[in-house]
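S.K.: Sequence:
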Amino acid sequence: MNVIILLTGSLVGTAYITELFMAWYSGVEFEQYAFLNRATGPYWWAYAIMMTCNVLTPQLYWIKSIRTSFVATFILSIFVNIGMWFERFVIIVTSLHRDFLPTAWTMFSPSFIDIGIFLGTIGFFFTLFLLYARTFPVIAQAELKTILKSSGSEHKNKK
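Here the working numbering runs 1 ahead of the position in the sequence shown, where the first position is 1.
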């Protein structure tokens with residue numbers, strides 16, 4: 002699985018570089034400004050986190066000791082998830098904070114509705130996940146019954 006994360010991280014990095022090249026090569030100054038604004042504008046920090054988590058972090062899987070460690074896999078997968086969230090953040094927020102009119106250029110600050118929607122989606126996901134785990138248990142109960150003392154074949158033969 003780590004090799005797949007390494008491969009997709011490389012593909013995502015190639016896609017980012019291709020997108021940046023096409024913006025430069027097209028000669029359209031508005032598209033060039035949009036990409037330059039993402040990398041060097043007021044939300045440069047979000048773009049840097051996105052690039053670090055989506056492109057650079059998966060490259061650590063080239064090291065075999067990291068690739069075979071469960072703890073490292075868990076930590077790096079969390080960083081990749083953070084990077085994917087920041088990708089959506091960069092796409093939406095950098096598109097909205099620069100409008101056609103320069104008088105409408107403002108920094109994005111989330112309202113209570115934005116925060117509520119964000120927290121609601123997290124709560125909705127965990128509710129559905131826990132309902133799924135309740136309906137279809139992660140551990141098969143038939144396998145658990147064979148290792149329990151009260152239901153195993155050795156216990157039944159003792160009676």
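I should point out that these hints are in silico values taken from the structure, not numbers from a laboratory.
Please note that the accuracy of each hint is not assured.
As the list claims (entries may be wrong) - Pair by pair, the computed Cβ-Cβ distance ranges are:
#, residue 1, residue 2, range
1, 122, 101, 28 to 34 Å
2, 99, 22, 17 to 23 Å
3, 79, 8, 16 to 22 Å
4, 122, 8, 27 to 33 Å
5, 111, 26, 34 to 40 Å
6, 125, 35, 30 to 36 Å
7, 46, 8, 38 to 44 Å
8, 30, 118, 32 to 38 Å
9, 31, 124, 37 to 43 Å
Glycine is no exception: its CB is placed at the ideal position from the N, C-alpha and C atoms.
S.K.: It remains to establish, for every hint, whether it holds in the given structure.
M.R.: Here is how each hint holds up against the structure:
no., hint, verdict
1, 122 with 101: 28 to 34 Å, "holds, 30 Å"
2, 99 with 22: 17 to 23 Å, "holds, 22 Å"
3, 79 with 8: 16 to 22 Å, "holds, 19 Å"
4, 122 with 8: 27 to 33 Å, "holds, 28 Å"
5, 111 with 26: 34 to 40 Å, "holds, 35 Å"
6, 125 with 35: 30 to 36 Å, "holds, 32 Å"
7, 46 with 8: 38 to 44 Å, "violated, 28 Å"
8, 30 with 118: 32 to 38 Å, "holds, 34 Å"
9, 31 with 124: 37 to 43 Å, "holds, 39 Å"
Taken one by one, the earlier hints fail for this structure only at number 7.
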